[in-house]
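**Student:** Construct all of the structure, not just a fragment, from the sequences and the given hints.
Same order as they appear, the protein sequences are chains A and B.
Using our numbering, the first residue of the first sequence is number 1, and each one after it goes up by one.
Using our numbering, the first residue of the second sequence is number 1001, and each one after it goes up by one.
Warning: the hint list may mix true and false statements.
To be verified - Taking lysine-lysine pairs in the DSSO-like style, the calculated list, with each CA pair at most 30 Å apart, reads:
#1 B:K1102 x B:K1016
#2 B:K1016 x A:K79
#3 B:K1038 x B:K1016
#4 B:K1114 x B:K1038
#5 B:K1114 x B:K1016
#6 B:K1102 x A:K80
Just so you know, these hints were derived from the structure itself, not from any lab.
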Amino acid sequence: SQTIHQWPATLVQPVGSPLSLECTVEGTSNPNLYWYRQAAGRGLQLLFYSVGIGQISSEVPQNLSASRPQDRQFILSSKKLLLSDSGFYLCAWSSPGLTYQETQYFGPGTRLLVL
Amino acid sequence: AQKVTQAQTEISVVEKEDVTLDCVYETRDTTYYLFWYKQPPSGELVFLIRRNSFDEQNEISGRYSWNFQKSTSSFNFTITASQVVDSAVYFCALRGPTNAGKSTFGDGTTLTVKP
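**Tutor:** Written as structure tokens, this is what we have:
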């Protein structure tokens, strides 16, 4: 069966510091991968998605970036965090291909607080 | 453009009451998929159901049931005999081909079930 991991679970960072959040998927090959952000009490905002190694699509211009160095690894980064980057970051995967029929499955999330 | 509206921001019920969560969507696609997710206090989004636009048959899974009505663009979710463990934020989502398979989420409905 497939599992998705995210770490760290919680992170407190000062403004201006760098960020690296990691997401890995097990039990599947060439998944579609997604990064979402959820602000407190709000819905989900898609940040990035990837259909393969090195292929990243950005949805919202911001100071965040994403990379996919390996098939089942998806990393969210920032060189300098802003207060507005605080939130709950969720990684998700779906089966390969640009198929809208596929269900997205979510990881446990990372709570980021920027002070 | 796609849009998902969950007009009920918060709902509070007493245990054993039935509760219906509303979801109304907008899309120009003729083929699309609808999803419901549950987000308990731990934060992880748990997949509940997927329904394609050609299947208007209602579905029941234990205490959960879903009513899909294409004529009114609604995909409502009913919990029968609610329990405290049903307390969570519930999200409705839409995926279709013209949005490159990306999900459009509603803002969520926070359900509180009191003992």
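**Student:** Of the hints given before, which are not true for this structure?
**Tutor:** 1, 2
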